[in-house]
Every structure is written in structure tokens, then in C-alpha cells.
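Novice: The chain contents come next:
There are 2 protein chains.
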Amino acid sequence: MTTALLTDHYELTMLQAALASGAADRRSFFELFPRRLPAGRRYGVVAGVGRALDAIEDFRFGEAELQMLSEERIVDDRTLAWLADYRFHGNIWGYAEGEVYFPYSPLMVVESTFAEAVVLETVLLSIYNHDSAIASAASRMTWAAGDRPCIEMGSRRTHEWAAVASARAAYVAGFTASSNLMARLRYDVPTTGTSAHSFTLLHDSEADAFRAQVDSLGRSTTLLVDTYDIEEAVRLGVEVAGAELGAVRIDSGDLGVLAHRVRAQLDDLGAHDTRIIVTSDLDEFAIAGLSSAPVDGYGVGTELVVGSGHPTCGFVYKLVAREDDHGRLVGVAKKSTDKISIGGRKYALRRLSPRGVAEAEVVGIGQPAVNDGDDRVLLTPLVKDGEVVGREPLKAARQRHLRSRGELPLVARQLSKGDPVIETVHER
Amino acid sequence: MTTALLTDHYELTMLQAALASGAADRRSFFELFPRRLPAGRRYGVVAGVGRALDAIEDFRFGEAELQMLSEERIVDDRTLAWLADYRFHGNIWGYAEGEVYFPYSPLMVVESTFAEAVVLETVLLSIYNHDSAIASAASRMTWAAGDRPCIEMGSRRTHEWAAVASARAAYVAGFTASSNLMARLRYDVPTTGTSAHSFTLLHDSEADAFRAQVDSLGRSTTLLVDTYDIEEAVRLGVEVAGAELGAVRIDSGDLGVLAHRVRAQLDDLGAHDTRIIVTSDLDEFAIAGLSSAPVDGYGVGTELVVGSGHPTCGFVYKLVAREDDHGRLVGVAKKSTDKISIGGRKYALRRLSPRGVAEAEVVGIGQPAVNDGDDRVLLTPLVKDGEVVGREPLKAARQRHLRSRGELPLVARQLSKGDPVIETVHER
Numbered sequence: 559m560t561t562a563l564l565t566d567h568y569e570l571t572m573l574q575a576a577l578a579s580g581a582a583d584r585r586s587f588f589e590l591f592p593r594r595l596p597a598g599r600r601y602g603v604v605a606g607v608g609r610a611l612d613a614i615e616d617f618r619f620g621e622a623e624l625q626m627l628s629e630e631r632i633v634d635d636r637t638l639a640w641l642a643d644y645r646f647h648g649n650i651w652g653y654a655e656g657e658v659y660f661p662y663s664p665l666m667v668v669e670s671t672f673a674e675a676v677v678l679e680t681v682l683l684s685i686y687n688h689d690s691a692i693a694s695a696a697s698r699m700t701w702a703a704g705d706r707p708c709i710e711m712g713s714r715r716t717h718e719w720a721a722v723a724s725a726r727a728a729y730v731a732g733f734t735a736s737s738n739l740m741a742r743l744r745y746d747v748p749t750t751g752t753s754a755h756s757f758t759l760l761h762d763s764e765a766d767a768f769r770a771q772v773d774s775l776g777r778s779t780t781l782l783v784d785t786y787d788i789e790e791a792v793r794l795g796v797e798v799a800g801a802e803l804g805a806v807r808i809d810s811g812d813l814g815v816l817a818h819r820v821r822a823q824l825d826d827l828g829a830h831d832t833r834i835i836v837t838s839d840l841d842e843f844a845i846a847g848l849s850s851a852p853v854d855g856y857g858v859g860t861e862l863v864v865g866s867g868h869p870t871c872g873f874v875y876k877l878v879a880r881e882d883d884h885g886r887l888v889g890v891a892k893k894s895t896d897k898i899s900i901g902g903r904k905y906a907l908r909r910l911s912p913r914g915v916a917e918a919e920v921v922g923i924g925q926p927a928v929n930d931g932d933d934r935v936l937l938t939p940l941v942k943d944g945e946v947v948g949r950e951p952l953k954a955a956r957q958r959h960l961r962s963r964g965e966l967p968l969v970a971r972q973l974s975k976g977d978p979v980i981e982t983v984h985e986r
Numbered sequence: 559m560t561t562a563l564l565t566d567h568y569e570l571t572m573l574q575a576a577l578a579s580g581a582a583d584r585r586s587f588f589e590l591f592p593r594r595l596p597a598g599r600r601y602g603v604v605a606g607v608g609r610a611l612d613a614i615e616d617f618r619f620g621e622a623e624l625q626m627l628s629e630e631r632i633v634d635d636r637t638l639a640w641l642a643d644y645r646f647h648g649n650i651w652g653y654a655e656g657e658v659y660f661p662y663s664p665l666m667v668v669e670s671t672f673a674e675a676v677v678l679e680t681v682l683l684s685i686y687n688h689d690s691a692i693a694s695a696a697s698r699m700t701w702a703a704g705d706r707p708c709i710e711m712g713s714r715r716t717h718e719w720a721a722v723a724s725a726r727a728a729y730v731a732g733f734t735a736s737s738n739l740m741a742r743l744r745y746d747v748p749t750t751g752t753s754a755h756s757f758t759l760l761h762d763s764e765a766d767a768f769r770a771q772v773d774s775l776g777r778s779t780t781l782l783v784d785t786y787d788i789e790e791a792v793r794l795g796v797e798v799a800g801a802e803l804g805a806v807r808i809d810s811g812d813l814g815v816l817a818h819r820v821r822a823q824l825d826d827l828g829a830h831d832t833r834i835i836v837t838s839d840l841d842e843f844a845i846a847g848l849s850s851a852p853v854d855g856y857g858v859g860t861e862l863v864v865g866s867g868h869p870t871c872g873f874v875y876k877l878v879a880r881e882d883d884h885g886r887l888v889g890v891a892k893k894s895t896d897k898i899s900i901g902g903r904k905y906a907l908r909r910l911s912p913r914g915v916a917e918a919e920v921v922g923i924g925q926p927a928v929n930d931g932d933d934r935v936l937l938t939p940l941v942k943d944g945e946v947v948g949r950e951p952l953k954a955a956r957q958r959h960l961r962s963r964g965e966l967p968l969v970a971r972q973l974s975k976g977d978p979v980i981e982t983v984h985e986r
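From first to last, the protein sequence lines are chains F and L.
Using the numbering used here, the first residue of the first sequence is number 559, and each one after it goes up by one.
Using the numbering used here, the first residue of the second sequence is number 559, and each one after it goes up by one.
Incorrect hints may have been included.
[Unchecked claim] Partial chain F-side listing against chain L, Cβ under 8 Å, derived: (1) His567; (2) Ala581; (3) Lys893; (4) Leu966.
Just so you know, these hints were derived from the structure itself, not from any lab.
The beta-carbon is built from N, C-alpha and C at its ideal position, and this holds for glycine as well.
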């Protein structure tokens with residue numbers, strides 16, 4: 559499916575006017591970057607890179623798209639002809655997926671003609687703004703959860719395709735699984751799930767329901783124990799499945815208190831290996847609050863898919879430099895914006911202490927003056943002469959995230975509001 | 559494209575266990591409803607109905623989906639065979655699109671076998687929770703804007719397909735247009751757009767850029783005037799396009815002060831009909847705050863697509879009644895939830911005063927005891943024996959929203975936090 563119309567109307571009218579003025583072919587640099595982190599957040603997480611590369615490859619105007627643009631007179635014939643042949647021929651560098659970021663991190667640098675780059679603005683921003691918001695929230699949750707697995711189950715609380723992207727982004731940021739089957743088909747994200755309250759209510763008794771579930775899904779299944787009375791359900795679950803019962807899930811009430819009670823009961827019943835999964839309106843704070851409770855896994859729904867208070871990142875995509883009539887590259891910027899964003903192709907380094915702890919985000923134009931070897935280069939080639947070169951397995955992004963987050967000063971793990979944990983240094 | 563895997567894993571494992579236990583075929587009623595409005599909101603707006611009907615028709619397990627479910631051993635062969643033949647044969651009633659809603663409004667009532675209804679849970683909730691969150695925010699914005707048009711331009715700040723649904727939902731709730739071209743192709747939502755700062759920066763001077771835009775897009779275009787100096791840009795715009803200049807757009811700064819200044823300047827230049835469009839981080843409060851400024855249109859981005867603080871609705875989809883072995887319908891409910899949600903097929907009425915002002919949301923089971931003629935019936939047939947019967951043009955939803963919102967007590971228009979404007983009355 560083409561991504562070409564996941565685009566703001568003005569990208570195409572600008573294109574038309576630029577084709578007419580002759581400026582459309584000026585070599586240009588666009589940059590995708592955040593001016594700030596969401597208030598109080600100490601770091602952000604880049605996600606959506608792989609999806610963005612797919613979207614660039616799928617950005618083609620087919621018959622249906624061109625017909626609509628023509629019939630509705632959105633652009634003129636010259637522009638239609640140009641769009642019919644569209645493909646991106648330029649170069650893109652960017653932060654690799656899973657990397658952490660800070661204010662003014664140049665997450666993506668796009669070099670091509672103005673025309674080829676400007677039309678990608680909307681879809682690139684949509685993907686990065688959404689997926690990174692989810693990954694940034696997810697990372698705080700998995701860090702708070704420590705060694706305990708986090709399972710993404712928020713599909714029902716967000717747009718049906720945003721749900722798929724959310725499952726993917728959460729996986730990048732350390733979630734172990736999702737409930738979303740399309741994320742499994744499309745991105746190989748592991749999925750899990752057993753039953754809901756409706757399954758218990760469908761049967762004449764909880765015993766009937768538990769027997770039906772264990773018979774069909776096996777003793778290692780997870781029984782939902784809070785439809786009626788938790789203590790009775792736990793007793794019944796072990797009666798039905800034996801001590802091999804995989805897990806019980808608690809989806810309501812004071813999860814900390816209940817987890818302690820259920821653990822004691824399970825142990826009394828000899829079900830020492832039966833795990834306890836909790837799943838009621840969790841966010842990173844609730845997860846942290848349950849760290850001393852005997853919980854074996856967290857299912858996170860709504861707060862993951864809404865970015866735990868920050869459902870979008872506020873990334874922008876700005877023209878930062880373009881050729882003039884003499885072929886010289888000229889830095890450009892809107893008057894009222896921070897002049898920091900001028901310039902051509904950026905570099906970006908994570909400055910590390912000799913012990914490997916992140917100390918600064920170093921951003922500049924051209925080549926870095928000094929790289930003493932401890933600095934880590936952040937921009938990698940994603941597209942070269944129109945060909946995608948930055949594709950990688952999702953697991954690589956997942957591993958990168960752990961490494962990148964692991965470099966941050968420990969204060970990054972604090973959930974309280976604060977400034978970015980490292981400063982962004984603009985080199986000239 | 560099939561919607562079948564936009565589904566939580568547990569829907570299918572439950573299905574497997576219910577097919578095995580024999581309970582899968584029990585006639586069941588599921589209900590999709592909110593337990594509350596988002597904190598402080600006075601009413602909500604139903605959107606996504608048309609999309610949900612599409613999703614039900616497209617809910618088919620094709621080869622790719624079945625192969626994945628089989629290879630990854632997510633369900634057994636019997637379940638795979640059942641899914642291969644899946645189509646929904648039941649009945650669905652619901653609030654029509656654009657209707658306002660309140661706590662416990664039975665937005666959708668699904669009657670079918672347990673098996674056929676349970677698998678639709680995730681995708682129906684995704685669509686309703688997302689689209690209604692956007693429409694609910696949009697309605698506050700258009701009400702605050704009064705007769706001035708609101709234009710949706712938030713695509714870049716949300717998932718690329720959520721953007722399309724957002725444009726659609728905003729249109730239902732009174733927005734006049736969107737920037738999103740896919741929303742135009744797919745849903746006939748009007749779109750608009752002219753140019754961004756990058757277009758001005760691409761050219762050697764603002765004069766070059768304005769001339770290029772006016773030459774290509776005509777004098778009725780909207781010029782973006784805040785790239786460098788607003789006063790100079792307004793002067794230049796009228797010089798280039800004449801008094802026929804369609805509009806100027808201001809995207810930064812103190813919009814109220816600037817609108818007054820720009821209006822005075824335009825009038826001085828004889829451009830009395832040139833409109834002023836403002837577009838910087840607007841929400842319903844900013845729109846209301848600009849009501850006395852000479853603004854002719856509002857472009858709303860981020861705050862629209864994130865639901866202005868409430869990006870999801872918290873709708874749930876609950877089994878409320880099902881057959882027993884004797885074919886009798888039994889009301890069911892989780893112990894800890896409000897017993898209000900028990901029962902079979904609901905009715906819902908908007909109780910209206912003789913002057914047509916909404917007084918209560920009346921919800922009950924079966925047939926209403928009394929309907930004095932002033933009450934408005936809220937549940938309409940959406941699907942009958944598996945056939946979609948509730949499809950309608952999007953404009954019908956848009957008109958319905960205006961009528962439905964117009965019935966509310968005037969306090970509903972207040973943006974300050976408060977209780978739902980009418981009470982939900984549960985009839986027994």
C-alpha cells in the first residue's frame with residue numbers, strides 16, 4: 559500500500575509552486591529533530607526508523623492517487639507528471655532505532671532536491687512522532703520493571719494501526735511481548751494472551767471456565783482470577799491445573815496487597831512456580847510502586863499507547879540549508895526560531911566518559927573538530943542515492959536501546975520530573 | 559486489507575477454549591460503553607461508526623493470517639477452520655455517528671454467538687476509542703470557534719493512519735477541512751493547504767517566494783507571513799497579489815495582538831477581504847481566547863490529534879448477557895464492576911424538555927416503559943443478520959452532530975471542567 563497520500567495538502571501545492579519557480583531542484587538539507595524533550599522527561603527514545611524506511615520505499619503515486627489529485631484539481635498537470643515518476647534519489651542519515659536522544663539531536667538528516675525531500679515531511683514526522691513517543695514511555699516502564707517482563711496490551715485504547723506500531727515501539731524499548739497479532743505477523747513481535755473476564759462469564763461457573771481453559775490451553779496457561787472472588791479463584795485454579803499452573807492474572811484492586819496475598823496462597827497450595835501477572839491501569843510509576851510486591855510480570859495498556867502523558871514528541875522537519883543559484887550551500891532558518899538549527903549536514907556524537915558514561919550530546923555541522931575515541935558517532939547511513947541501506951532486524955534496535963540507555967547517568971532512571979540527563983552541546 | 563489480526567491474542571485463545579467447551583455458540587450480548595467521561599468533560603462525541611462497519615466487513619482471515627496463526631501455533635486446527643469461515647452473522651445496534659454521549663451510554667450493542675462477537679472486541683474498541691476521543695476534542699474546538707472555520711492540520715503529530723481517522727473524526731465534529739490528502743481520497747473530507755516556511759526559505763528572498771506562490775496558486779492563495787518580519791511580509795503580500803490576496807497565515811507569536819495589527823495593516827492597504835488564519839499550537843482554550851481578535855480561521859494541529867489532553871475514551875466491550883443451557887438469556891457481570899452494566903439488549907433515550915433541551919440520558923433493558931414523544935431514540939440498527947445496514951454519508955454524521963450538540967443545555971459549551979451536562983438515568 560502506498561504511503562504517498564499520508565501527506566499534507568500543502569506539501570504538494572508548495573511542490574507545484576517550486577517546480578514553476580525553478581527552485582524545486584535546489585539541493586537541500588532537511589533535518590528532523592526535537593526542540594525539547596517532553597516536560598520533565600530525562601531522555602527520549604528513537605523509534606519508527608524501520609517503518610520510516612518502508613514508508614519512503616512505498617511513497618509512490620499510483621493511478622488512484624493521481625486521479626484524485628487531478629480530478630480535484632489539487633495540483634497542475636506538470637506536478638502530476640512529476641509525482642507519477644516520484645522516487646526518492648537522495649541520501650538520509652539518522653540515529654539508529656532504539657538510540658536515546660536529547661534536545662536538538664539531529665534524528666534524521668535528508669539530503670536531496672527540495673522537491674524530493676519536502677513531500678516526505680508529513681509521513682516521516684507522523685511515524686517518528688508517534689513511535690518515539692511510545693518507545694520513550696515504554697523505556698521508562700521497562701527500566702522501572704527491572705528484570706520483570708512488561709507485556710504490551712494497549713491495542714484497544716488507540717487507533718487500530720497505531721496499535722501495531724505501538725507494539726513494535728514497545729518491543730524496541732524492552733517490552734518482552736505484545737497482545738497484538740498484526741505486530742507479530744508484520745514485525746515478528748512475540749505475542750501472548752489467554753482469556754478475559756467474558757470467558758469466565760460465558761460459562762455457567764468459574765470452575766467450568768477454568769476447566770475449559772486448562773483443557774484447551776494447557777496447565778501452563780494464565781488464569782484470570784478476579785472475575786468473582788480472588789481467593790476462591792486461586793484455590794480453584796490450582797485445583798484444576800495443579801501446581802503446574804503457569805500464572806494467575808489480577809486485573810483490579812490494590813495490586814500490591816493482592817499480589818502478596820495471592821503469592822502466600824499459591825505457596826501454601828504448593829504452586830511455588832505459578833507466576834503472578836498484574837494488569838490494571840499500570841504506568842511507570844505504578845510499576846515502580848510494585849517493585850517490592852511478589853509480581854512476576856506487568857501488562858501495560860492505556861498508558862503505554864498514549865505515551866504516559868506525552869502521546870507525541872513534537873519533532874519538526876525543517877529546511878536547514880539549500881543551494882543558491884551558484885551552487886553554494888546556504889544555511890537558512892525562520893527568523894523567530896533558534897538559530898541553532900542552521901547549517902548543512904550535521905554530525906552528532908554521544909560524548910562518553912572514560913568509564914563509558916554519557917556526558918553530553920555533541921551536535922555540529924560538517925566534521926567534528928575532535929573525537930577522542932570515547933565519543934560515539936550517532937548518525938548512520940539510512941538511505942544512499944535513494945536505496946535503503948539502514949534496514950536491520952528489530953532485535954538489533956532492541957539490543958541497541960539497552961546499550962544506549964545503559965550508558966546514561968543513573969539519574970536517568972529516576973521517574974521524577976527533571977531536566978535532560980545530559981546537555982546538548984552545539985559545536986561551531 | 560483485512561482487519562482480522564488487529565486483534566488481541568487472547569481473543570483467539572478464548573475462542574479456542576470456548577469452541578472446545580461448547581460455549582462458543584451461546585447467544586450473547588456484548589456492549590461497548592464508557593463508564594465515565596474524561597475528567598472535567600461535559601459531553602462526549604461518538605465517532606468511528608462508519609469505520610467500524612467497514613472493519614467488521616473486512617474482518618476475514620485470509621491465507622497469510624491463517625498461515626501465521628498455524629505456524630506459530632497460536633490456535634489449534636479446529637479454531638483455524640472456524641476462523642477461515644469467519645463472518646459476522648449477528649445484529650448490531652448503536653448510537654449513530656456524531657451523536658453525543660454520556661457515562662454508560664450503550665454506544666454499541668452486539669448480539670450474536672459468543673464466538674462471533676468476542677473476536678471483534680479489539681478492533682471495535684480501537685476504532686471507537688480513538689475516533690471518539692478526537693471528535694470529542696474537535697467538538698469543543700468548533701463550538702469555541704463559533705462561525706469561524708476550524709481546519710485540521712495535525713497529521714504530522716500522530717500515527718500516519720491515525721491521522722487519516724483524525725481528519726475524518728474532526729470533520730464529523732464540525733471542522734471544515736483537513737490537511738490530510740488520504741482523508742480526502744478515502745472519506746471525501748475537504749482539504750486545504752498552500753505553503754510552509756521551507757518554501758519561503760528555499761527562495762532567495764521572501765519576494766521571490768511570494769511571487770512564485772501567487773503565480774502558481776493564484777491571488778486567492780494564503781501566504782505564510784511570519785518567516786522573517788510579519789509587517790514587511792504583509793506589505794509584500796499585498797504588493798504581489800493585490801487586494802485580492804486570499805489570506806495570510808500567522809504561525810507564531812502572540813496571535814491576538816498580531817491579528818489586530820495585521821488586520822489594521824491589511825485594511826490600510828485596501829485588502830479588506832484578505833482573511834487572517836492563525837495556526838500555532840491552538841486548542842479550544844486558545845480558540846476561545848481569540849474570539850475577540852479579527853481572526854477568520856483556525857488551523858489546529860497537535861491538540862486535536864491528541865484529543866486535547868484525552869487521547870483515548872476508555873470505552874470497554876463487555877459481555878452483559880448470554881444464553882444458558884436452556885436457551886434462557888442470563889445477565890452477567892464481573893463482581894467488582896458496577897452492576898449497572900448487566901442485562902440484555904439495551905434501549906437508550908435522550909430525554910428532551912418540551913423545548914427540545916436535553917435533560918437526561920435514559921438507559922434500560924428491553925423496551926422503554928414510557929416514551930412521551932419528546933424522548934429521542936438513540937440506538938439505531940447498524941448490522942442486521944450480518945449485513946451492514948447503518949452506513950451513511952459522512953455529511954449525515956456531521957449534520958447529526960450539530961443537531962445533537964445543539965440540544966444540550968448551554969453549560970455544555972463551557973470549557974471549564976465540570977460534570978456531564980446531563981445525568982444518566984438507569985431504568986429498571
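Novice: Sort out which numbered hints this structure fails and list those numbers smallest first.
Specialist: When the structure is compared with the hints, only number 4 turns out to be violated.
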